[in-house]
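So the protein sequences, as listed, match chains A and B.
Under my numbering, read the first sequence as residues 1 to 182, first letter to last.
Under my numbering, read the second sequence as residues 1 to 726, first letter to last.
Don't read these hints as lab results, they were simulated from the structure.
A few of these clues could be false.
If the Cβ cut is set under 10 Å, some of the chain B residues that face chain A in the computed set are [what the hints assert, rightly or not]: (1) T72; (2) N81; (3) C85; (4) P86; (5) G88; (6) Q224; (7) N610; (8) E669.
The calculated lysine-lysine pairs, modelled on DSS-like cross-linking and capped at a C-alpha distance of 27 Å, are [to be verified]: (9) A:K175 - A:K6; (10) A:K166 - B:K235; (11) B:K235 - B:K558; (12) B:K657 - B:K257; (13) A:K161 - B:K381; (14) B:K373 - B:K550; (15) A:K161 - A:K175; (16) B:K662 - B:K690; (17) A:K161 - B:K416; (18) B:K131 - B:K384; (19) B:K412 - B:K108; (20) A:K155 - B:K235.
Sample of chain B residues with no beta-carbon within 10 Å of chain A, all distances over it, derived [to be verified]: (21) K412; (22) Q541; (23) Y605.
Cβ coordinates follow ideal geometry from the N, Cα and C atoms, glycine included.
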Amino acid sequence: MSRERKYAMIIDTQRCVGCSACVYACKSENNVPEGFCRDWVVSITEGRYPNLTLTNRSERCQHCEDAPCVSNCPTAASHYAGDGTVQIDRDLCTGCKACIAACPYDARYIHPGGFADKCSFCNHRIQAGMTSTACTQVCPTGTLNLVDLNSNDGKAEALLKGRQVKQDKTHAGTKPKLFWLV
Amino acid sequence: MTANTSRREFLQISSGFLATSAIVGQVPFLGYAPNAEAAPVADKIVPTTCELCFWRCGVDAHVKDGKVFKLTGQMDHPLSNGHLCPRGTGGIGLLYDPDRLRTPLIRKTDADGTQKFVEASWEEAIALIAKKYEEMTAANEADKIVFFSHGFGSSFFNRLFAAYGILNHAHPSYAQCRGAREEAFGMTFGHAVGSPEGLDIANSEYLVLIGSHLGENMHNTAVQDFSEAVSRGCKIIAVDPRFSVAASKAERWLPIKASTDLALLRAWIRILIEEELYDHEFVKANCIGLEELRAGVRDATPEATFAITGISVEDILAVGRDLGRYGSKALVHPGRHVSWYGDDTQRSRAIAILNALLGNYRMPGGLIHQTKKFGVGTPYKFTKKEGGHHYKSRFPLASQTPANEVVDETKKGNFKSWFVYGTNLVQTLGHVDDTIEAIKALDFLVVIDVLPMEITGYADVVLPEVTYLERYDDLDDRVYRRPYVALRQPAVPPLKGLNAKPGHEIAKLLAQAWKLDPGLFPPIEEYLDNRLKTVGSSLKQMSQVGVMVKEDPDIYRKPGEQLRFNTPTGKIELSSTRLKAAGFDGVPQYTSHPENPPGYLRLIYGRAPNHTFGRTSNNRFLGELLSENELWINRITALDLGLVDQEYVFLINQEGKKSSSKVRLKLTERIRPDAVYLVHGFGHTDPRLKWAFHRGVSANEMITQLTVDPIMGSTGMKNNFVTFAR
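Input sequences plus hints: build the corresponding full structure.
Structural data, given as structure tokens:
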């Protein structure tokens, strides 16, 4: 019996140029319908000319450990997959939008097929034995990293070492699993 | 001539065209299919070469049920390394573009004088072109034909025209893009920077960017290297009127007054020399002209430079001294699109000289001299037509013919036909009215393209090409720091319902019509296979692996290695022999450029990572995230002018040219108060581009003032100024 995995994503904003390659790759990998996306890039400018900072941040479902989308789902369509990811069973989903209201990260949308949809950390790839998602694979800047926090491969530690780490809306108490290096 | 002028009207969709086009079926546009799987699994994966820009990354096309549904970066290709830029993924948006050219078109005039395109067979279209060029050749006018091209697919036409005797070629990638840089580095180091650029950015410790907006200018490997450098702690200096993404990674952003870059570069040269910070040993052994250079930049004091550029004395000194401190680990990036102000060769010369003084030549983090190809041979020989005339540029140090010079000469009647492959000259050359006037003066215009780009509307014959995902091209075997050979092969057969052909077949049809040597265009698979056999491979093998790579062990120079440069003196020329001989300054001097007329802001432009200028702006897949450009304007400037964020306005330039479409304003802190910025390539005016038509505004349309570099004809496009109309 293999150990339980716990997938997370470490996102290095220093490397990110905000090109959106991650968004396009996700859309074609996951057949995301026109007008919707499972990941997106937030671009924040602060300061006044000429003293400025700019941050580009690739965002998606946080695969929270204490996920309000799961606890608020009346049909158990949203569920923990046991590898640290949150998944949606399309057959169980009625498209009631309770999860959309519950998600602090605005990570979900209602698919034209009538069910909720969001980033799955490309679980079809993980199940096929791949170690990358479409977005981490395409990224030309090496910004995006899929890591298994329960692994002892040292990948997460190496990325985090000496870096300041930020998480989004930790006050929501959902234990999110996207880590931004700033 | 007048008959021709009235004859060549811009043809949009005439009713005749609509009526006949119904014969050809709808292109099966691959939108979202509601019943499709969440994440399809490919039946087959076909390695091929991308064509969304001109970098030529390796892509894997994932095919299911005969359709390409996904493109990913080839793992082993040295330009992609498993990754892609946004555009690379977006190739499906080109392949399944419902606006693609469907069939050959021939311009016809009815008895009542109405012009229209009629759909033609390939036989008719090819016969018409062949006959026209035979007539011109018989009348000794083959030298009145110009072949324009942009992109890798042009190789077959290069061969065709060499064999037939059409020798005039022009590429917008020269005088409208990289030409001045390549000439300047040639004058200095004896070789061009090249494409992909011979730069060891990934190992730089100090990188100065002059207007280069890496990260928005999204050449895959260059951005991979840039991010690697940033991540390793490389200090970035971004010289740019706009706070680019690269500037946001920088230790210093120097918001220079546009057009004054050369003054700043001269100040840094002066600091390196006056403060003895240059690499003495390297310069002594390899450079000539140091004393001329010293005298030539004596006036470029930090104080004088501040007055010109607006960059503080402190910043000028700090960067100059840091350059000296980092020495061979510092790099001043030569840029890529450099046709800005008309002093482009001298500005690029200043960059070349700075790099020479740093001693970074063939050092880790510095300039790289790429010399090695993978080296695929060819068993096929063909004879070039002897004795043909070749147009000689009026610019003394131009190694190619500037495209705008062809426009000028065409207006004078010195060229009578253009054969245009894959370049939308109407949206490319600046001064649109001039380009159109030249086109109207032509006797005969042939255009090959995938999409109904504006220029196809002026053509006598339009030949539709299939996309890169449906065709073979020649092998990609060019100099690179990791020499490779890569294959472009069809991922899927040409789409049904389209009567389009690959370039090699089009060239072959013309060769047959002209009865050229049948050996010129053997069957493409046989040709590629026999070429690959010269390196012990085969088409079968390459169609599976896509790419083969070697390593170049001589990228970095070895201690004590004797260097020789292909310049007139055999040395790196800090003062250029060739420039002096042609009557120009041997050492770059700064001359001022036009200033903003009152009430006008300087128009600068650049790229977005999602698009390759006008080539991709009709791509619906890419357009979903960026469907139109915005005009960046400083927030305070906009408030002063009473402009509101997100409102749509027309632009009017200093010569009274008004934009055809409106553009949305983006009020931002990220630009100097005296300049505005546009992403190039939007504002298409051809309604057959159903997605791109009038989305955003065309920067090219607003560029009516071209400041031409007297050295090699680079057409500076950044001396234009705009104001607004609601």
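These are the hints, each one checked on the structure:
With 10 Å as the threshold, the beta carbon of T72 of chain B comes within range of chain A, its nearest partner Cβ sitting at about 7 Å, so the hint holds. The closest approach between the C-beta of N81 of chain B and any C-beta of chain A is roughly 9 Å, which is under the 10 Å cut-off, so the hint is satisfied. For C85 of chain B, the suggested interface contact is upheld, since its CB lies about 6 Å from the closest CB of chain A, less than 10 Å. Contact between P86 of chain B and chain A, as hinted, is supported at the beta carbon level, the nearest pair being about 5 Å apart and thus within 10 Å.
Because the beta carbon of G88 of chain B sits about 8 Å from the nearest beta carbon in chain A, less than 10 Å, this interface hint is met. This hint holds: Q224 of chain B has a C-beta 5 Å from the nearest C-beta of chain A, less than the 10 Å allowed. Checking N610 of chain B against chain A: minimum C-beta separation of about 6 Å stays under 10 Å; hint holds. Because the smallest distance between the Cβ of E669 of chain B and any Cβ of chain A comes to about 4 Å, under 10 Å, the interface hint for this residue holds.
With a CA separation close to 13 Å, the supplied pair K175 of chain A and K6 of chain A stays within the 27 Å bound. For the hint linking K166 of chain A to K235 of chain B, the alpha-carbon distance of about 23 Å falls within 27 Å, and the restraint holds. The suggested pairing of K235 of chain B with K558 of chain B holds, with an alpha-carbon distance near 26 Å, which does not exceed 27 Å. The suggested pairing of K657 of chain B with K257 of chain B holds, with an alpha-carbon distance near 24 Å, which does not exceed 27 Å.
In summary, the hint linking K161 of chain A to K381 of chain B is not supported, as the alpha carbons are separated by about 59 Å, beyond the 27 Å threshold. Distance check on the hinted pair: K373 of chain B and K550 of chain B sit about 9 Å apart at the alpha-carbon level, within 27 Å; holds. A C-alpha spacing of about 21 Å is found between K161 of chain A and K175 of chain A, which places the hinted pair at or below 27 Å, so the restraint holds. The suggested pairing of K662 of chain B with K690 of chain B holds, with an alpha-carbon distance near 17 Å, which does not exceed 27 Å.
Taking the CA atoms of K161 of chain A and K416 of chain B, the gap is about 66 Å. The hint is violated against a cut of 27 Å. For the given pair, K131 of chain B sits about 20 Å from K384 of chain B by alpha-carbon distance, which is consistent with the 27 Å threshold. Straight-line distance between C-alpha atoms of K412 of chain B and K108 of chain B comes to about 26 Å, which keeps the hinted pair within the 27 Å bound. Taking the CA atoms of K155 of chain A and K235 of chain B, the gap is near 26 Å; set against the 27 Å cutoff, the hint holds.
Here K412 of chain B stays apart from chain A, with its beta-carbon at least about 44 Å from theirs, past the 10 Å limit. For Q541 of chain B, the non-interface assignment is confirmed: its Cβ lies about 25 Å from the closest Cβ of chain A, beyond the 10 Å cut-off. Remark: the non-interface label on Y605 of chain B is consistent with the geometry, its nearest Cβ contact in chain A lying 18 Å away (cut-off 10 Å).
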